[in-house]
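Undergrad: Going line by line, the protein sequences match chains A and B.
Letter by letter, the first sequence follows residues 102 to 466 in the numbering used here.
Letter by letter, the second sequence follows residues 80 to 339 in the numbering used here.
Hints are not guaranteed to be accurate.
As the list claims (entries may be wrong) - Subject to a maximum C-alpha distance of 27 Å in a straight line, what follows is the list of computed DSS-like cross-link-like pairs (lysine-lysine): (1) K139/A / K425/A; (2) K216/A / K128/B; (3) K198/A / K135/A; (4) K414/A / K128/B; (5) K128/B / K212/A; (6) K454/A / K444/A; (7) K361/A / K444/A; (8) K384/A / K444/A; (9) K308/A / K331/B; (10) K454/A / K319/A; (11) K331/B / K213/A; (12) K414/A / K308/A; (13) K216/A / K107/B; (14) K198/A / K107/B; (15) K95/B / K216/A; (16) K319/A / K384/A; (17) K444/A / K417/A; (18) K425/A / K308/A; (19) K216/A / K139/A; (20) K216/A / K198/A; (21) K128/B / K308/A; (22) K308/A / K422/A; (23) K213/A / K95/B; (24) K95/B / K212/A; (25) K198/A / K319/A; (26) K135/A / K265/A.
What the hints assert, rightly or not - Pair by pair, the computed Cβ-Cβ distance ranges are: (27) A291/B / K248/A: 29 to 39 Å; (28) A284/B / W148/A: 45 to 55 Å; (29) I401/A / S275/B: 23 to 33 Å; (30) V179/A / A174/B: 25 to 35 Å; (31) F118/B / N347/A: 26 to 36 Å; (32) L330/A / M133/B: 15 to 25 Å; (33) E106/A / F118/B: 58 to 68 Å; (34) K172/A / N116/B: 54 to 64 Å; (35) L276/B / E259/A: 32 to 42 Å.
If you're looking for bench data, these hints aren't it; they were derived computationally from the structure.
Computed from a predicted model, the values in this text were never measured in an experiment.
Built from N, CA and C at the ideal position, the CB exists for glycine as well.
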Amino acid sequence: MHIVELITGTINSLCQPSLLFTAAVIVFFLVLFKWRSKFAEVRTIIWIEVLMAAFIAVSMLHPTFRDIVTKPDNVPIVGMLFLIAFFTWLAVSKMVKNDDRIAAGQDVENKKEAKELVFTWPDLVFSEFLCSIAVWVGLVVWSILLKAPLEEPANPVETPNPSKAPWYFLGLQEMLVYYDPWLAGVVFPGLIIVGLILVPYIDINPKGNGYFTFNERKFSITSFLFGFLILWILLIVYGTFLRGPNWNFFGPYEVWDIHKLEVLKNVNLSEYIYREFRLLGGKMPENVLVREFFGFVAVIGYFVGGIWLLQNKLLKEFYEKLGKARFYILAFLVLSMASLPIKMFLRWTINLKYIVAIPEAFFNI
Amino acid sequence: MANQFIESITSSQAWKSIFRHGAPNNPKNRVLVVLMNVFLHLHPIRMKKSGVRMSFTWCMGGITFFLFLVETITGVLLMFYYRPTADYAYADIIALREHVPIGIMREIHRWGAHAMVISVWLHMFRVFLTGSYKPPREFNWGIGVILLVLTLLLSFTGYLLPWDQLAIWAITVGSNMARATPFAGNEGPGAALINSLMGFEVIHAGSDARFALLAGRLVGEATLLRFYVLHCIFIPLAAAVLMAIHFWRVRKDGGISGPL
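My request is simple: use the sequences and hints to build the entire structure.
TA: See the structure below:
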């Protein structure tokens with residue numbers, strides 16, 4: 102029994118955002134840049150899927166874990182994780198295969214077939230038909246096995262704790278830990294939609310059109326996968342499985358105790374400057390704009406400095422190829438996206454709450 | 080004997096009036112079957128062999144469309160039994176669960192919705208990773224992004240309809256964000272600025288973006304009706320129009336992408 106508690110306790114603490122998220126980011130870059138061809142092997146995905154299944158199967162013995170994972174609306178998310186692991190592997194393995202062919206001066210996969218025409222009937226209609234039947238059968242079996250959830254009748258005075266948005270928005274809800282609603286709930290979703298629509302007009306690299314490749318479009322593939330796998334899917338996993346009452350963090354085997362206290366030790370940048378560093382003798386200035394001056398400098402400096410850095414150092418080639426308009430939009434979107442992990446990191450290391458904190462005007466960054 | 084029977088059916092006036100050509104077992108009839116059928120003619124007559132490869136397309140767009148059809152049909156069936164009012168909604172869902180024989184329609188509808196969200200994400204995932212948004216398909220990618228957002232909104236509006244605790248609180252949490260919309264939400268940055276510029280309270284809890292979304296200050300009966308109409312009529316129609324454009328443009332932009 103002692104051993105079990107030791108293991109579950111260790112896993113609980115390893116799942117903390119500061120550890121698991123950081124580890125996921127490191128693994129993400131290692132897989133994509135160092136271990137790509139190892140990852141692309143068939144046995145890798147078999148191992149990943151088997152280990153995921155084994156982890157879940159064994160963990161089901163634990164009542165807390167079982168309760169959360171078998172909540173009807175959470176079951177599809179578990180299924181989705183298996184699918185996403187598989188399709189990420191499939192895409193990467195095809196990228197590796199094509200990149201090897203390109204390096205050897207050969208045609209990419211399906212190149213000859215792209216010049217060959219077949220009749221839609223029966224070639225396409227047949228697979229569509231089979232696909233529909235498979236999906237339909239799967240859906241019916243799933244519907245027989247698992248009842249759709251139905252809780253108590255709606256009661257506007259009894260707020261459940263935790264209150265969660267539908268599962269596909271839980272990444273955004275998780276973002277609320279680090280950013281205020283106007284950013285996490287309005288500006289960032291807006292930027293995601295606009296940014297996605299703009300992708301084809303910003304990414305003018307003519308290569309990699311219609312086939313899997315990594316080497317020919319490293320930047321676009323890396324940013325998309327980072328956004329989708331880390332900032333969207335991983336945050337949904339956090340929001341769904343690892344956030345309990347009061348949106349506190351709970352490990353996968355930790356009972357959702359409504360009385361769990363988290364020490365609120367988060368500090369605004371202005372408080373750091375005026376209280377900790379005792380600028381003006383430890384007193385906060387009355388004027389809001391004076392108080393938050395350093396915060397504004399930090400935010401503007403992040404974007405101006407970031408754009409300068411991308412333009413002159415990190416993405417110099419892009420600046421020359423894309424031209425000014427495209428490049429500045431790209432730089433703004435990239436910096437906005439990067440601001441989330443940066444803010445997370447600042448929260449975990451120096452407990453930074455807001456960089457600019459004007460709660461009087463609901464303007465917190 | 081059997082052949083004679085089939086022959087007598089396929090040569091009848093009724094059969095010929097429906098199917099204008101013979102069985103699609105020769106090139107001519109394979110062209111005609113796609114050309115003459117309103118549903119099949121969403122497809123081109125012939126296509127690149129690379130485009131029928133499931134290992135390339137993952138069939139995710141097709142699955143998403145199929146799930147949309149499943150949702151439409153099961154949704155219509157559910158509408159027969161469901162009344163979108165605070166008094167009846169929850170009771171109707173209970174009745175669907177308890178009294179309808181082989182009642183898995185709501186299950187199919189709900190799990191189909193979840194599956195559709197997942198399949199549309201995976202569709203975008205595949206399209207991005209194969210660079211299929213690149214010219215000449217830039218515009219269609221944009222349509223696709225909007226369709227993805229509509230899929231999420233369809234699911235979001237449907238989430239409220241069972242009118243249970245799960246439903247109203249998920250929608251409450253989800254729509255609380257609108258309160259913080261810059262300049263348009265009463266707890267958003269810029270609202271105080273607008274109010275002081277105008278000299279009276281323009282943006283308040285009874286007039287802001289969240290109020291417009293919920294038709295009230297709280298998730299209530301007016302919200303239920305609003306979400307029901309959006310869920311059953313407006314968003315599906317908008318999605319259907321955009322899907323027509325999406326599929327049409329797949330054809331017009333050179334079919335399913337492939338190595339050039």
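Undergrad: Each hint should be assessed against the structure and marked as holding or not.
TA: Cross-check of the supplied hints:
no.: 1; hint: K139/A / K425/A; verdict: violated (39 Å)
no.: 2; hint: K216/A / K128/B; verdict: holds (8 Å)
no.: 3; hint: K198/A / K135/A; verdict: holds (16 Å)
no.: 4; hint: K414/A / K128/B; verdict: violated (44 Å)
no.: 5; hint: K128/B / K212/A; verdict: holds (10 Å)
no.: 6; hint: K454/A / K444/A; verdict: holds (9 Å)
no.: 7; hint: K361/A / K444/A; verdict: holds (24 Å)
no.: 8; hint: K384/A / K444/A; verdict: holds (26 Å)
no.: 9; hint: K308/A / K331/B; verdict: holds (21 Å)
no.: 10; hint: K454/A / K319/A; verdict: violated (34 Å)
no.: 11; hint: K331/B / K213/A; verdict: holds (22 Å)
no.: 12; hint: K414/A / K308/A; verdict: holds (23 Å)
no.: 13; hint: K216/A / K107/B; verdict: holds (21 Å)
no.: 14; hint: K198/A / K107/B; verdict: violated (38 Å)
no.: 15; hint: K95/B / K216/A; verdict: violated (36 Å)
no.: 16; hint: K319/A / K384/A; verdict: violated (49 Å)
no.: 17; hint: K444/A / K417/A; verdict: holds (25 Å)
no.: 18; hint: K425/A / K308/A; verdict: holds (21 Å)
no.: 19; hint: K216/A / K139/A; verdict: violated (32 Å)
no.: 20; hint: K216/A / K198/A; verdict: holds (20 Å)
no.: 21; hint: K128/B / K308/A; verdict: holds (21 Å)
no.: 22; hint: K308/A / K422/A; verdict: holds (14 Å)
no.: 23; hint: K213/A / K95/B; verdict: violated (40 Å)
no.: 24; hint: K95/B / K212/A; verdict: violated (41 Å)
no.: 25; hint: K198/A / K319/A; verdict: holds (15 Å)
no.: 26; hint: K135/A / K265/A; verdict: violated (38 Å)
no.: 27; hint: A291/B / K248/A: 29 to 39 Å; verdict: holds (35 Å)
no.: 28; hint: A284/B / W148/A: 45 to 55 Å; verdict: holds (53 Å)
no.: 29; hint: I401/A / S275/B: 23 to 33 Å; verdict: holds (24 Å)
no.: 30; hint: V179/A / A174/B: 25 to 35 Å; verdict: holds (30 Å)
no.: 31; hint: F118/B / N347/A: 26 to 36 Å; verdict: violated (52 Å)
no.: 32; hint: L330/A / M133/B: 15 to 25 Å; verdict: holds (23 Å)
no.: 33; hint: E106/A / F118/B: 58 to 68 Å; verdict: holds (60 Å)
no.: 34; hint: K172/A / N116/B: 54 to 64 Å; verdict: violated (44 Å)
no.: 35; hint: L276/B / E259/A: 32 to 42 Å; verdict: holds (40 Å)
Hint compliance for this structure: hints 1, 4, 10, 14, 15, 16, 19, 23, 24, 26, 31, 34 are broken, all remaining hints hold.
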